[in-house]
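S.K.: For reference, the chains in residue letters:
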Amino acid sequence: MNEAIITRGLVKKYGRHAALNGFTLAVPSGSITGLVGRNGAGKTTWMMTVAGFVIPDAGEVSILASGPFDARRHGGRFTILPQDSDLPNEGRVRALLIGYARLQGMTTKDAAKSADELIEVMNLADKANATIRSLSHGMRKRVMVAQAFLGHPDVVMLDEPLSGLDPVEAERLRSFLLSLRGKTTLVISSHQLDDIEKLCTHVAFVTDGKVERMETLRAITSDTGRIVYALKELPSDLAAIESECPGVRLSVGASFQDARGRVGDAPLPSALLPSEKTLVAEFGDGLAVETVNAALLPRLVPFGIIAVTPGRSLEEAYLGK
Amino acid sequence: MRTIRVALFELAAAVRTRRAIVLVALYLAVSLLGMSGAITGLGKMEDQLAEILQVEKVEGKSGVVSATLWKSKPFQRLVRSAVGDSLIYDDIVGKHPAELIYAWIVFFAVPLLTVLVATRRVAAEVKSGAAKYMLLRVTRLEWTLGKYLGIALLMLVGLLIGAVAAWIVAAFRLSGADIPALLPAMIVWSFKAWFLSLAWLGLALGVSHLFKSGAKADIVAILLMIAFSVVPAILKGFGSAWLGGKLLVLVRLFPSSVDDALWRSSLMPVAASATWLVMLGLLYLSIGHAVFARRDVR
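Sequence order for the protein chains is X and E. The number in the numbering used here is simply the position in the first sequence, starting from 1, with 18 added. The number in the numbering used here is simply the position in the second sequence, starting from 1, with 1331 added.
Just so you know, the hints here were simulated from the structure itself, not pulled from any lab data. It is possible that part of the hints are untrue.
[To be verified] Straight-line distance between alpha carbons at most 30 angstroms, and here's what the computed BS3-like set of lysine-lysine pairs gives: (1) X/LYS201 / X/LYS127; (2) E/LYS1404 / E/LYS1458; (3) X/LYS131 / X/LYS201; (4) E/LYS1567 / X/LYS31; (5) E/LYS1567 / E/LYS1543; (6) E/LYS1547 / X/LYS31; (7) E/LYS1404 / E/LYS1375; (8) E/LYS1375 / E/LYS1458; (9) X/LYS31 / E/LYS1543.
[Unchecked claim] Chain E is faced by these chain X residues, among others (derived, beta-carbon under 8 angstroms): (10) GLY48; (11) MET66; (12) PHE71; (13) ASP75; (14) ASP102; (15) SER103; (16) MET124; (17) GLY156.
All C-beta atoms in this analysis are idealised placements derived from N, C-alpha and C, irrespective of residue type, glycine included.
Model the full structure from these sequences, guided by the hints.
M.R.: Right, dumping it as structure tokens:
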């Protein structure tokens, strides 16, 4: 099985408006796939449709190669963090998580173990017996995320998982999600493209109810004739370096953000990235990344190379910069 | 099995949210106030009767004159005429007035209490989004049936506690050696009322499946409850002229037209009526579920 989720030609209309207009997407197993698109593009409707909450007017859904969502087949194997969905206010965190785990068929012992693990991961140990009503918005969000991972599901869809979390908790959740890479198929919808770039292996651009483009993150961010170098010191004479590398234009990056994120497929811990200035090399289609690197790297070594990031950021690629 | 888990989840949620306490408090209030008020009324009526009949009053205790009245042939004829069904009359004749009062109170209150307790259970969870966390783990049908079962169990508990409370009031305020025997009798009436409640629960939950707003579901369920109480009476009165005799079978689709048999003592008519009420409840529920199964849960 290569795809965890396959949807073909999904259509969902509300009156004359098509929220899904032939939404076709195959989510590779073990991938972390990011959905990127404007408000109303159809990301949430697609997730709700895959989860069986929204009934499509046309099209096909298959989860784990076993047809559309059915709680008897997929309960506990496929879960979702739905957007704008409150947990029962009077439920207590641990009891609620155990209750949900029991509903998906786990034994009481396994349910308690899974709930406790996730309470720890989500840093909710001191709130385990608190009611949902008494929690802050961010804490509730963490409980909602926790319920999606009960029993180690195969596929998890997360609609805006990091919104509403403080920076520390957001980083903790990012680390948790990254730790699942290759083990659990994740689909993440977010307007925070930095997060998508840090977390995802694949990205789908969604526009007007359909997928406009779906590729690996590397393919999307590396195909644009651009390399960003994070350096300890900036060269003073960029023109001299340019003259030795025909076809390459050099400019100083706006901030260290240009270089953060990843080298190749591996995300860089942001703590390792300095806030020094960056150098951006742009070149035409005739030059390969390897060729430009071969020409530039020897000249940049004296300035202390910290990171080399080929391509544009996801945000730049999405916005067509 | 998963339906039972949903039912237990529903029960646990009812306890957490104090809905269970509210429900039991409602049944207690209805039983205590109804019983107490009825016994006070009975006492006053007996005092007046004692004056009219110029017999000795029994100070501070009610029920003695009524028990005597049951033995009076003219009174029996009066009651038989009021009941209108000789089979029911034969079964209730001679029963302690407190038992009949309790039966009347619960049969009267159960539809309203059921509708009040159950109508928001699906609509509110769909609106808040809490339903999604359940529907990821159980099918819509399992969720519907689990909720029905959970609330049904909760109502049974409420009715049984109400019966005990009513019996305690009766024991304090009524005279007679047969008071201890009233408790099992009242529990039996509670079970009969529970079967009646299952039909109304199906209606309330069925309506709840149709709406995303608890308030709308409440209004529609109460209007339907009133209609379901009035329409059978109208059909019984005028139905044969309007619909012809055969179509009068439609009356059987309303709970209030089949609950008469619950007043009987023999097992067969009670069992038939109880079964029919459960089926009616499941029919209403399945209509609501059929719509719910085809609608978006957003």
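S.K.: Give a verdict on every hint.
M.R.: Hints, verified against the model:
no.: 1; hint: X/LYS201 / X/LYS127; result: 23 angstroms, holds
no.: 2; hint: E/LYS1404 / E/LYS1458; result: 59 angstroms, violated
no.: 3; hint: X/LYS131 / X/LYS201; result: 19 angstroms, holds
no.: 4; hint: E/LYS1567 / X/LYS31; result: 47 angstroms, violated
no.: 5; hint: E/LYS1567 / E/LYS1543; result: 35 angstroms, violated
no.: 6; hint: E/LYS1547 / X/LYS31; result: 25 angstroms, holds
no.: 7; hint: E/LYS1404 / E/LYS1375; result: 22 angstroms, holds
no.: 8; hint: E/LYS1375 / E/LYS1458; result: 50 angstroms, violated
no.: 9; hint: X/LYS31 / E/LYS1543; result: 19 angstroms, holds
no.: 10; hint: GLY48; result: 21 angstroms, violated
no.: 11; hint: MET66; result: 6 angstroms, holds
no.: 12; hint: PHE71; result: 4 angstroms, holds
no.: 13; hint: ASP75; result: 11 angstroms, violated
no.: 14; hint: ASP102; result: 6 angstroms, holds
no.: 15; hint: SER103; result: 3 angstroms, holds
no.: 16; hint: MET124; result: 10 angstroms, violated
no.: 17; hint: GLY156; result: 17 angstroms, violated
In summary, the structure is inconsistent with hints 2, 4, 5, 8, 10, 13, 16 and 17 from the numbered list given earlier, while agreeing with the others.
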